[in-house]
Amino acid sequence: MSRTGALLRYSATRLGLAPLMLWLIATLVFLLLRVAPGDPVDAVLGSRAPAVAKAAMRARLGLDKTLPDQYLDYLRGLLHGDLGQGLINQEPVRDIISRTLPASLELSVLALALAAVIGLSIGFSGIARPEGKLDLAGRLYGLGTYALPPFWVAMLLQLLFAVSLGWLPVGGRFPPSLMPPEGTGFYLLDSIRSLDMTALKGTLRHLVLPAGTLALLLSGTFTTALRLNLRRSLRGDYAEAARSRGLSERQVVLRHGLPNALLPVLTIAGITVASLIGGALLIEVTFSWPGIALRLQEAINQRDYPVVQGIVVVIAALVVLVSVAVDLLVAALDPRVRY
Amino acid sequence: MKSAAGSSLLSRLLALTAALGVITGAGCGSINRTDRITVAAAGKITSLDPAQASTVSTLQLLSALGDPLYELTTEGRLEPRLAAAQPDVSQDGLTITIPLRRGVRFHDGTEFNAEAMAFSLRRFLDIGSLSYVVGGRIKAVEAPEPDRMVLQLTRPSTSLAGLLTSVNLTPVSPTAYSGHRERFLHDRFVGTGPYRLTHFSDHQQRLEPFEDYWGEPPRNNGLDLISLSNSTSLFGALRSGEVDVLLSPSIDEDQRHALHQDAQAGKLQEAVGPASEIGYITLLSRGEPLQRKQLRQALALSLNRKEISQRVSYGLRRPLRSLIPPSLSKGRESIWPDHDPSSARQLLQTAGYCNGRPLVVPLTFRSNVPADKLLALTWQAQIKRDLADCLSLELDGVESTTIYRQLGEGAFKAVMLDWRGSYPDPEAYLTPLLSCDRGEQSICQEGEAAISGSFWTAPGLQDALESSDRLEGPKRSDKLRSIQALAAEGSAYIPVWLVAPTAWSQTSLMPLRFDGSGHLLLDELMHAPSRGVSN
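Chain order of the listed sequences is X and E. Per my numbering, numbering of the first sequence is gapless, rising by one per residue and ending at 415. Per my numbering, numbering of the second sequence is gapless, rising by one per residue and ending at 542.
Errors might be hidden in some of the hints.
Derived SDA-like pairs (lysine to any residue); straight-line CA-CA distance at most 20 Å [to be verified]:
| id | chain 1 | residue 1 | chain 2 | residue 2 |
| --- | --- | --- | --- | --- |
| 1 | X | K130 | E | S61 |
| 2 | E | K274 | X | L241 |
| 3 | E | K482 | E | P333 |
| 4 | X | K130 | E | E453 |
| 5 | E | K274 | X | L304 |
| 6 | X | K209 | X | L304 |
| 7 | X | K130 | E | P333 |
| 8 | X | K141 | E | K380 |
| 9 | E | K380 | X | L304 |
| 10 | X | K130 | E | K380 |
Bear in mind the hints are in silico, worked out from the structure with no lab data behind them.
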């Protein structure tokens, strides 16, 4: 079978398994939520509400049905793309996700881009003199930022840049005195599209701290990955061959070392962005960033079953899609990859 | 050559950072100042429906968007707002006539009248999540004339007057809510208040002055309310000048203390409202070992409230020995006994404990409430110091949602909780903790006392509770005092402290003050003239 054929078959297999994975995740979340103590009806009406009112609400929300019936209703809705309605304010889960997901994606993508730029630059800067001062600093940076507790760093940066220096906002996504730009929900994009410089400035000011913190924490991974892979690449036979052909060290690094070293970094970036979508909770909580992770946390506290289920399934779907996309990209870029 | 490539990348990175800094204005210390006022609070607002509102933030927001029938002054007097005069109560106490103000309009232009008020009240009684506080007291709501509403009661009720000040009974436009007569409307609010809502999201709300407001117009040009998800953010936002007003009961104790000190040093302003939240410990009286009254009494005597208040809150949470806040009991009533470890020891010895056989009590606290944990640790240390051979506390932190779910199942021997009455009346504190629909001897099997997790009642207690709501003046005060004495004797609840709503603002704002119901008067706030802000 040709390489392209093998790649297509691999892609089809991965994508074909995705629904099975999503079903397993959805089922697990459904069951775990029902096992967890806490009643959504109490969360809506309060524990002191009359039993009649509680029973009426339970019936209206379908919580009076047997567990298998609730599960079937849930799966039926899921198959039709209906994630249900939030129990607390009856808002469609799809609307909640479409409002909060862009916030998380905007933060994650920007943080990742920043992390890549910072991390790769630092990782690359030490290559001129291995084991030199710059290389050592890069190694320490890689290890240090990886080991830093996210919550502590976030609070420290918040206290320094927002509270003490007052340079940046403490939290939130947009200046409270302005109306957020309308459009896709990606404020950065919407501000640029509407050429609204005030909105753009407000958006950027609010992005700097959370995105910068996330970037700082992630950049070490890029630094270490690039350092190690680049050194390995430059010791490879093809690098030696290039040198013996008379290529300058700069050409060896840029043409042969870097492209090979960046492939594993691409995989790391893919895994990171997938986990960031739902995993930036501490950053979202610290900076009051109204993203999907913060919303998920609130929904768990309120025992808002449909919202938790919907968000988890969407995050899981994104993780699967991103990891498949990264695999395919790596396979397309690296001729050595076989399936 | 190789280092050139690296340094080139680094210099590009520095240039990019500098460009971003210029765009965002970082480093200029620039904070946008407008003639609007930014108010920050903790917790997002999920529903704007007054029939469902229960959180402090939501009630505060609704108090700016709507008007209640009456308001409570800081002196505890009932003053008409949408009502035109004091309620007229019939001789038998079963009919209350409320004259209504004329010339009032809702934000959508609909006229406010008795029909509109009756619509809102009936809606609250039908779907309101707090309608249980009204109980079966209101039999019918009538609107015989456009400016007169009549409430027919099932029994005379003194506390109903306090209920009429509740934000939950704020009238809503029958036109705007015609499709939501029997269901909640979460993302809009159309009332009669000094502000109208122009933008709503769960983390941010924008309020503009209502041009056709019947009363005195707001002194500022609008409000921006934001919710921040943690105490440090709230604290930092006020300290850095990013927000004008901070209103939150959920500020951590250290930060609350720091803000208090800032206010005392003149760097900030601080306003304290009437204390309406009580912190207390519920003891399970229907099972081993605390079904024995003397053991509960011993626990009550082992608690040093003053020390706890100092250690936990720097004295900002006032020690409380009553289930009713002093502002509602016309004075500082101390019904529960004070700290007395020797009496506690005697009780425990009589019960067969001490001398190598300590009573071990599991104490559950809400793990997501920092003050609770501090209280638990301090009390545990006090007992270890004073009664080590007789008593011991085993601490267990549980998330609050789980606690509230399992409270009525009798899952906790001793648990720390708090309570804020839905309206300013002693009944709003005593009934939810002590009322019992079905009980045997001192065990309540069905009713509020069971839901509260104590399962405690006493012969004659329910009758006393009901009769207190028919009395007025000193007779009522005496009755309430006797009810509390009974509860203190039973010791199924141990009141610990009192929490007052507190707000902080920049010194450039004035005046910062609360009304008698504990809502900050946002419409009175204005920037000081020296700042050159026009209002």
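Violating hint indices (sorted, rising): Per hint list: 5, 7, 8, 9, 10 violated.
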